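**Student:** Using the sequences and the hints, build the whole thing.
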Amino acid sequence: MIKFRVLTILVVMFLLIESSIRLGSQLLSIDDAHIKSVPDLISELAECKSPRILFIGNSLTREGVDLKELKKELDIAGLHDANIAAVFPDDTTPIHWQYIVKNHVLVQATKPDYIFMGVAGYNLVDTAPLGLRKLGCSWCKVADFPELIRDEELTFHEIGEIFTSWISWTFAKQDRIKKYILDLIIPNFRDAFRRLSDMATISNDLSASDPTYEKIIRYDQFYHSNSLEVHYLGMPIQRGWTIHPKLQQVIDEGEIKFIDMRDIPDLGETHFKDSIHLTPEGARIFSEHLAKAIVLLSLAIKPVD
Amino acid sequence: MLFNSWLFLLFFLCVIILYRMLGHRSQNRMLLIMSYVFYGTWDWRFLSLIVISSIVDYVVGQQLNMQTGRKKRQFLLITSLGVNLGILAFFKYYGFFIDQIVHLLSSIGFSADLPTLRIILPVGISFYTFQTMSYTVDVFKGKTKTVNNFLDFALYVAFFPQLVAGPIERSSHFMPQVLNPRTVSREDFKEGFYLVLLGFFKKIVIADNMAIIANAFFNADSSMINGAASLVGVYAFAFQIYGDFSGYSAIARGISKWLGFDLIVNFRMPYFAISPKDFWSRWHISLSTWLRDYLYIPLGGNKGVEWKIYRNLLLTMLLGGLWHGAGWNFIVWGIFHGVILIIYRLLSKRINVDDANRRPFFVNLLCGTFMFHLVCVTWLLFRADNIAHAWYMFIAISTNFTCTPLVLSSFCMIVFYCTPLMLYEYWLERNNDLLALMKSSWKFQSIVYVYLFGMLLLFHPIVTGKFIYFQF
Chain A
1 MIKFRVLTIL
11 VVMFLLIESS
21 IRLGSQLLSI
31 DDAHIKSVPD
41 LISELAECKS
51 PRILFIGNSL
61 TREGVDLKEL
71 KKELDIAGLH
81 DANIAAVFPD
91 DTTPIHWQYI
101 VKNHVLVQAT
111 KPDYIFMGVA
121 GYNLVDTAPL
131 GLRKLGCSWC
141 KVADFPELIR
151 DEELTFHEIG
161 EIFTSWISWT
171 FAKQDRIKKY
181 ILDLIIPNFR
191 DAFRRLSDMA
201 TISNDLSASD
211 PTYEKIIRYD
221 QFYHSNSLEV
231 HYLGMPIQRG
241 WTIHPKLQQV
251 IDEGEIKFID
261 MRDIPDLGET
271 HFKDSIHLTP
281 EGARIFSEHL
291 AKAIVLLSLA
301 IKPVD
Chain B
306 MLFNSWLFLL
316 FFLCVIILYR
326 MLGHRSQNRM
336 LLIMSYVFYG
346 TWDWRFLSLI
356 VISSIVDYVV
366 GQQLNMQTGR
376 KKRQFLLITS
386 LGVNLGILAF
396 FKYYGFFIDQ
406 IVHLLSSIGF
416 SADLPTLRII
426 LPVGISFYTF
436 QTMSYTVDVF
446 KGKTKTVNNF
456 LDFALYVAFF
466 PQLVAGPIER
476 SSHFMPQVLN
486 PRTVSREDFK
496 EGFYLVLLGF
506 FKKIVIADNM
516 AIIANAFFNA
526 DSSMINGAAS
536 LVGVYAFAFQ
546 IYGDFSGYSA
556 IARGISKWLG
566 FDLIVNFRMP
576 YFAISPKDFW
586 SRWHISLSTW
596 LRDYLYIPLG
606 GNKGVEWKIY
616 RNLLLTMLLG
626 GLWHGAGWNF
636 IVWGIFHGVI
646 LIIYRLLSKR
656 INVDDANRRP
666 FFVNLLCGTF
676 MFHLVCVTWL
686 LFRADNIAHA
696 WYMFIAISTN
706 FTCTPLVLSS
716 FCMIVFYCTP
726 LMLYEYWLER
736 NNDLLALMKS
746 SWKFQSIVYV
756 YLFGMLLLFH
766 PIVTGKFIYF
776 QF
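Chains as they are written, first to last, in the numbering used here: chain A, 1 to 305; chain B, 306 to 777.
Incorrect hints may appear among the rest.
[As the list claims (entries may be wrong)] If you want the footprint, here are the derived chain A segments under chain B, 3+ residues with CB under 8 Å:
1. 9-17
2. 158-166
3. 169-182
4. 185-193
[Stated by the list, open to error] Which residues of chain B face chain A? A few of them, derived with a C-beta cut under 10 Å, are:
5. 314
6. 315
7. 522
8. 523
9. 710
10. 712
11. 759
12. 766
Everything labelled a hint here was simulated from the structure, so no lab data went into it. Note that the structure is a prediction, hence the values are computed from the model and not measured. Ideal placement from N, C-alpha and C gives every residue a C-beta, glycine not left out.
**Tutor:** In structure tokens form, the structure reads like this:
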């Protein structure tokens, strides 16, 4: 009898936490609110007239692309009445974007004329984190799991992780909840945790290994087979990043379309709010240059409609 | 296959379903096969070592039962010890000793070209070797009965919950459980559930979170580490290794309970110890009692003249250090434990250092805190890359103590994760019962279970680590 009560309380507590996360996570997190709005953003864009431009990325895109400035500059540069939408969930990589395209863009009657994906070099390597919990909880449907397991050659442990994330949002969003709570309790937690993680993994520096870029080619083949033109935007970050010779070869051979926006002459150190993300002024300057690049591109590519 | 993996969950589901369907003898056969499968997932090649150990000790046990001549029996015992220690020495210590010989020869001007093999250390070799050796010694001494069925004996050597990191079981405790039909009562199931949940909490919440802090400060460049950082790194490692190893033992005991087996208790609130003797009666109990029964007592134990007792203590702890690994830091770790055992033994002639019941709480608190810090010094030796690294961190603690924001945050993390566990263990200590929770009110049980489950769900690191003691 006693055990049954304890078990009941345990189950009730779990269900309470789970339902709170499912119902209220967008109230606590701007990113979760954005994730929830993604289907609407994309369907609204699909209802607009050409030219339709869709940005997909992570915080680099969120902080780097100033949509109002971009629209204004596009108008000035001659690409009038452009309709722009941007999807930029935190800590996502090209694999998440592939499923955003698959499950939200391709289901629309009309497709964007241009899709731009904002990246830094570490997003493009095959060893980029898969972010399985985000895939399981936000971006993949259950029907996508067999394909994901096959294509990404997931281990049994990873399969367990993705299924659990699909079942439990608490599990999937655990890292965010943990950081949120510890931010309240422990002084300077987020910065300390990042520094500790960096120090703890010094010996496992991925940059020392030989990178490969097969996945990004595969994703591009998927877009191509669905008549989508995706351009990867090389985003600026404060410390800069170099294009690995193997990535350069992939670009040169036309396996992916890459617009190099890493070095914007007007951007200085003061235009970054941390080591990676642009300030609003930095985003304005970047968007000015981005508009010119898009207009040049629009002259070369005929819109889908 | 780690306990904290989805693969193990699937594996154990298969085991438990098959177990419930089979009769007693078939259960034993199935458990043996599954134990070999479990070990084979680490490296199937090393299964042969377990099989060799099992065959040798089974045959020696049988022969010991038949032979009555003292010399023949001694020969059989030496054969068994030779094979087991030979396997252990080759796989665990060969590289270390060859390196030391080459180093020694080069330091006196000789260039030696000795074969340095790159030998992979088989997982859990020290655990199952010690377990199987204890059987032969016990049969030799007449303390346990000979096992007459090889497959039953093989299960004793390879039982998967405790195969790779203990507890090191004695045949006198384990074999009757293999030979007789087992039942799993509701109480066993509840106890198993409690132990598994507590074990996962200790491993995933405590050990894996502490590993981030310990690894950061132990891996960091010397120039970045001051005294406060070193101390926090050592505290983090103290809780990491405790959570890791006692967590494994708790899970092993819990899943064994679900299979009807009762494994020995391996940890009993070790950080509440008030003396080294008390610590070793609480930490890795199966190893410390093994060393006591098969090394310390045969050496003479605490009988005879005083200097011989000190020698016995020192030798036992030195070999205890070597058991953990082939490296100077483990040797010094063992010697340090031996030395503090000797010092406390000397002190105990003037004051009663072990009787906590006769002293006020405040004095016990001081003794416990001092003992915890002595143990932390030994963990510094245990975790550091080498002796020089340990020495550098030790000196930094005593000379350069500046608390940076990073150190403060790290310390707060240790407090956040470890304080509830220590408070809970203090409650267990006061109740003098490891299963006190099972006898408490449903409200208190609910609070503890919700806390354990909630922490597991919300505060696990994204990447979980392997168990530290697998390398031994």
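**Student:** Each hint should be assessed against the structure and marked as holding or not.
**Tutor:** We went through each hint and held it up to the structure:
no., hint, verdict
1, 9-17, "holds (count 5)"
2, 158-166, "holds (count 3)"
3, 169-182, "holds (count 8)"
4, 185-193, "holds (count 8)"
5, 314, "7 Å, holds"
6, 315, "7 Å, holds"
7, 522, "7 Å, holds"
8, 523, "9 Å, holds"
9, 710, "5 Å, holds"
10, 712, "9 Å, holds"
11, 759, "7 Å, holds"
12, 766, "9 Å, holds"
In summary, this structure violates none of the numbered hints.
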